[in-house]
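K.L.:
Those sequence lines, one after another, are chains F and A. Quick note: the first sequence, position 289, residue 289 per my numbering, numbers continuous. For my numbering, count along the second sequence from 1 and bump the result up by 1000.
Be aware that one or more of the hints could be misleading.
Here are the simulated lysine to any residue pairs, SDA-like style, with alpha carbons at most 25 Å apart [said to hold, decoys possible]:
| no. | chain 1 | residue 1 | chain 2 | residue 2 |
| --- | --- | --- | --- | --- |
| 1 | A | K1005 | F | T121 |
| 2 | F | K79 | A | P1129 |
| 3 | F | K150 | F | G180 |
If you anchor each label on the Cβ, the simulated ranges turn out as follows [what the hints assert, rightly or not]:
| no. | chain 1 | residue 1 | chain 2 | residue 2 | range |
| --- | --- | --- | --- | --- | --- |
| 4 | A | D1040 | F | S65 | 20 to 30 Å |
| 5 | F | E268 | A | A1022 | 35 to 45 Å |
| 6 | F | I148 | A | E1133 | 54 to 64 Å |
| 7 | A | R1016 | F | G73 | 52 to 62 Å |
| 8 | F | P311 | A | G1075 | 35 to 45 Å |
Short, incomplete list of chain A residues facing chain F, as computed with Cβ under 8 Å [said to hold, decoys possible]:
| no. | residue |
| --- | --- |
| 9 | E1033 |
| 10 | C1248 |
| 11 | S1250 |
| 12 | K1320 |
To be clear, the hints were calculated from the coordinates, so they are not data collected in a lab. Ideal placement from N, C-alpha and C gives every residue a C-beta, glycine not left out.
Protein chains: 2
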Amino acid sequence: MKPAKRYQNIGISLIRQINALATTQSVNLGIGEPNLEPDDTLREMAMRVAASGSWHYTANAGNLSLRKKIVAGTGLDPKDEICVTAGTQQALYAIFQAYVDEGDEVLVPDPGFVAYPTLTTICGGTPVPYALEPPDWKLDAGAVLKKITKRTKLIVVNSPSNPLGSVIDRDALQAIAQAGPLIVSDEIYSQIWYQAPPPSMLGMGRNVIVLNGLSKSHGMTGLRLGWILADQAVLKPILTAHSYIATCASAFSQQLAEMILDAPEWNEAWLASVRAQFREQREAALYSVEHELEAKIPPPAGAFYVFAPVPAADTLSFAKTLATDEGVLVIPGVAFGNAGEGFVRISFAAATGTIGTGIERMGRYLRAASR
Amino acid sequence: MKPAKRYQNIGISLIRQINALATTQSVNLGIGEPNLEPDDTLREMAMRVAASGSWHYTANAGNLSLRKKIVAGTGLDPKDEICVTAGTQQALYAIFQAYVDEGDEVLVPDPGFVAYPTLTTICGGTPVPYALEPPDWKLDAGAVLKKITKRTKLIVVNSPSNPLGSVIDRDALQAIAQAGPLIVSDEIYSQIWYQAPPPSMLGMGRNVIVLNGLSKSHGMTGLRLGWILADQAVLKPILTAHSYIATCASAFSQQLAEMILDAPEWNEAWLASVRAQFREQREAALYSVEHELEAKIPPPAGAFYVFAPVPAADTLSFAKTLATDEGVLVIPGVAFGNAGEGFVRISFAAATGTIGTGIERMGRYLRAASR
């Protein structure tokens, strides 16, 4: 009953190892989903779908009426340049299955979301990390392009970044797009920004695959609704993979998404309020990081994470003992690649009081350890 | 931009090629989902989830409260012997990814559901069909076991069968279970039966993986809710694969499933009415097959398909011309393997009038062609 080779060295992620230490008493700053609850409008939309929506299969690529609303204004063809998926994780699996062969190289951000190198390995490829450097974690397009070889199949970019909160500027994105191989631009955090909307790679080239969805912006991570935008020829094998992986995304989630996109005024107000909430939580996190951890870090431009330096040689052990001794959960930087060692990801998708308490306890713990 | 090797020869299935010919005027006997609509109770349950349910991530394996209800009475451990999936198609992808290596052989029924050999190929394995023979399509366990080699990784059994409607008896299932390699028992049609509940492979061995869900029994194919039952050690790599493929099944669908399983009396009545409806539709199909196609076939014991012989050498061309000339959709038998040539799958998941009209037109078309 030996697992297939592709899964023999794939364990549960460090993120889940830390989250497994959570108790009901934990101060959880390890979470990767927004602390948002549906408002009355979202609940009413959901109830309308529940009351009269279809429970039947949709087209593999999703209901055409939803696809039309997602691509409205982009110039993309709703018939064959979009595939609705059961979340962006499932989208990534379909893309990697469709394109990454044994021996292929995939350029992935380091620090970066753990699924990128893991999916590469699962598909028989080799993840080639490109380093992002503190303190501002700016992507150096020239350095990324230098890593391209004949075997490079995909380049993954993620802006705003999980775990860094950094945003990649338009020039750097354009330089990457012009590099030639397929690009996967994971833009799932695009609606969570603090100064200006982050640039999208949409329209930067026929080699660009853009991922997005409603999970992070609308607090519906559990409803599994994402999408892939790509050129028809690029999308075709992805759509085939998607059909064998998922058949279709949940019809309920699709119909709810359509209602959300059909209410642009409500939607704008919702997103403004989401951003206001996260702005407040970000301030709380930055204040505590500065005063309790005595670290001055550049404020994240997007997403809901600060990636903060800690004086610990081994951040995994640090995060584990912090969780067990102090009940505070943060994710060790090394969970996101070797370049993350020396840092922890603090999620500020929590009430400001929780953020303050958690970082304060962490500071106290660090000071006690250094004595 | 060449697709990965694993997807280079994977096209859209013959089933979808036929369904692509459907128009609003078509008499569609090609469909693979029940013609059921939620009743008031199901709608109320859905509205309760919509009104107050959680939209957050669930555990990768699904909410523990749901897992407990699914395994109630089975003796399985809800903690690590069940994984809730986004439908059985996603379950199959996770199982095949977790176990099928390059060079492995997978024994698959012929005729059988197209995903079994396709997923084998996608994972680099070789599908080894075991033939089921007309008129009764009985599984000959001895003949299956003779096909086992050192390279056999999985044996797939599907009872009740799509496309055959046949049910495998307990002795044959036990003989297969004792054979040794991993068994995938796809029991998604287990609630759609006509004389007696079909035997399940659950409990027949630690090598047995059982698939089921609510899609077919409760008319919720679009809600993507299935599950995998297996020994803890067998399930472990599947759960890892599932977490990278899907993260979790839809939280909405999970909470709805829990309500359904929490209402055993309503549920029994619902299933009885579903079976009564399909019994009537089955009679209509069998009557028309006998009188219009002049074929006497054994009545299906489960699912909602009749697999009927047609005097056509090439059932794919036949099904295509039938769809375009007569607007009647049936699935060519060859879509389910070479042993299906000479047959068509007629779905009776349709109103009795539609079934009668479709088969009558098909009979007329066949008689005209033979003149």
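K.L.:
For every hint, state whether the structure bears it out.
P.N.:
Do the hints match the structure? See the list:
At most 25 Å may separate the alpha-carbon atoms for a hinted pair to count; K1005 (chain A) and T121 (chain F) meet this at roughly 16 Å. Annotation: proposed proximity of K79 (chain F) to P1129 (chain A) is violated, straight-line Cα distance about 36 Å (limit 25 Å). A hinted pair counts as satisfied when its Cα atoms are at most 25 Å apart, and K150 (chain F) with G180 (chain F) qualifies at roughly 11 Å. At about 26 Å, the beta-carbon gap between D1040 (chain A) and S65 (chain F) stays in the expected band of 20 to 30 Å.
Range check, E268 (chain F) to A1022 (chain A): Cβ separation about 39 Å, and the 35 to 45 Å hint holds. Range check, I148 (chain F) to E1133 (chain A): Cβ separation about 55 Å, and the 54 to 64 Å hint holds. Taking 52 to 62 Å as the suggested C-beta distance range, the pair R1016 (chain A) and G73 (chain F) does not conform, at roughly 30 Å. Checked against the hint of 35 to 45 Å, the C-beta distance between P311 (chain F) and G1075 (chain A) comes to roughly 51 Å, which is inconsistent with it.
About 6 Å separates the beta-carbon of E1033 (chain A) from the nearest beta-carbon of chain F, less than 8 Å, and the hint is met. With a least beta-carbon distance of about 7 Å to chain F, the hint placing C1248 (chain A) at the interface is held under the 8 Å criterion. The restraint placing S1250 (chain A) at the interface with chain F holds, with a minimum CB-CB distance near 4 Å, inside the 8 Å limit. For K1320 (chain A), the interface hint is violated, the least distance from its beta-carbon to any beta-carbon of chain F being 20 Å, above 8 Å.
Checked against the numbered hints given earlier, this structure breaks hints 2, 7, 8 and 12; the rest are met.
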